[in-house]
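Asker: Using the sequences provided together with the hints, build the complete structure.
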Amino acid sequence: MTARDQDGPPGGGPGARRTGRGRETQRTERRAAILEAAMELIAERGYRRTSLAAVAERAGLTQQGLLHHFPTKELLLVGVLEARDRWDLAWAAAAAGARHTGTLAQLVDYNATRPGLVQTYTVLSADSVTEDHPARPFFESRFRAVRAAMAEVLRTECGDSLPGGLTPERAAPLLVAVMDGLQLQWLLDPEDVAMPTAFRDFLNLLGCGDERGERVEGAEGSPGEEPGERRRRNP
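In this text, residue positions in the sequence shown follow numbering that gives the first Met the number 0: the first is 0, and each later residue adds one.
Since the hints were derived computationally from the structure, they do not count as laboratory data.
Treat each hint with caution, since some may be false.
[What the hints assert, rightly or not] Listed next, the in silico SDA-like pairs over lysine to any residue satisfying Cα-Cα at most 20 Å (straight line): (1) K72 x E39; (2) K72 x T27; (3) K72 x V128; (4) K72 x L51; (5) K72 x A31; (6) K72 x R135; (7) K72 x P136; (8) K72 x P133.
[To be verified] Label pairs and their calculated CB-CB ranges: (9) D84 x E43: 20 to 28 Å; (10) E190 x P70: 22 to 30 Å; (11) G45 x G163: 23 to 31 Å; (12) A176 x T61: 36 to 44 Å.
Virtual Cβ for every residue (Gly too), placed ideally from N, Cα, C.
Answerer: Encoded structure:
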């Protein structure tokens, strides 16, 4: 057991009297360290070649210590995707104020720089359709939330009626399908599928693309920039 796996010394020492709040803080910090390590390794090695043992070692834990927080690889990867969504949404709120399609386009730009995480999302989302898959509740909830958010974006920017008479609610699943479908095609053939360009083409078909979707290259505070990336860039 490593030092970071221990909650404190055995017996009646100060560590044994750690408060509930202290234990919860420690638990939160360890989960964050595990998720950051997993995200780094997925970016470096890809989804399939990222093992629980490697994540534990990168996070400074034993594998048993990691399993205390994430009992399976699938649940760990769901945790990574949840963290990615939180960071992406935080960036979107800070950068855009009001949601618009240009923000979505910039998120697509950023996803094109992190194929490991896109691969993780694509594989897990496909696997989750099977019965009793541990990631299924996450993706069911996520897709409901994303469709609602997309409808809000479309209504804010395009009004209640889109080309062809579509309502924002009817167009939202199409927008989600385009984003996810482009990711799959890009993963399989990145040389032939220009994901950011194709997404902007679809926005133009909806009549919603504008100059706010211009690509931002190398800007500080890029969409979804994870803490580990800031740390590696700014040691």
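Asker: Starting from the range 36 to 44 Å, see whether the pair A176 and T61 falls in it by beta-carbon distance.
Answerer: At roughly 42 Å between Cβ atoms, T61 and A176 fall inside 36 to 44 Å, so the hint holds.
Asker: Hint check: K72 vs A31, CA-CA at most 20 Å. Holds or violated?
Answerer: Given pair K72, A31 holds - Cα atoms ~16 Å apart, limit 20 Å.
Asker: Hey, K72 versus V128, does the alpha-carbon distance stay inside 20 Å?
Answerer: holds (17 Å)
Asker: Assess, step by step, whether the Cα of K72 is no farther than 20 Å from the Cα of P133, and give holds or violated.
Answerer: holds (10 Å)
Asker: Is the straight-line distance between the alpha-carbon of K72 and that of T27 20 Å or less?
Answerer: holds (19 Å)
Asker: Is the straight-line distance between the alpha-carbon of K72 and that of R135 20 Å or less?
Answerer: OK: K72 and R135 at ~14 Å, within 20 Å.
Asker: Does the hinted range 23 to 31 Å hold for G45 and G163 at CB?
Answerer: violated (39 Å)
Asker: Is the hinted pair K72 and E39 satisfied, with a Cα-Cα distance of at most 20 Å?
Answerer: The hint holds at about 15 Å.
Asker: Given the hinted pair K72 and L51, is their Cα-Cα distance within 20 Å?
Answerer: holds (7 Å)
Asker: Has the hinted range 22 to 30 Å been met by the Cβ atoms of E190 and P70?
Answerer: violated (39 Å)
Asker: Do the alpha carbons of K72 and P136 lie within 20 Å of each other, as the hint requires?
Answerer: holds (16 Å)
Asker: If you check the beta carbons of D84 and E43, does the distance land in 20 to 28 Å?
Answerer: holds (21 Å)
The structure fails hints 10, 11 (numbered hints given earlier, in ascending order).
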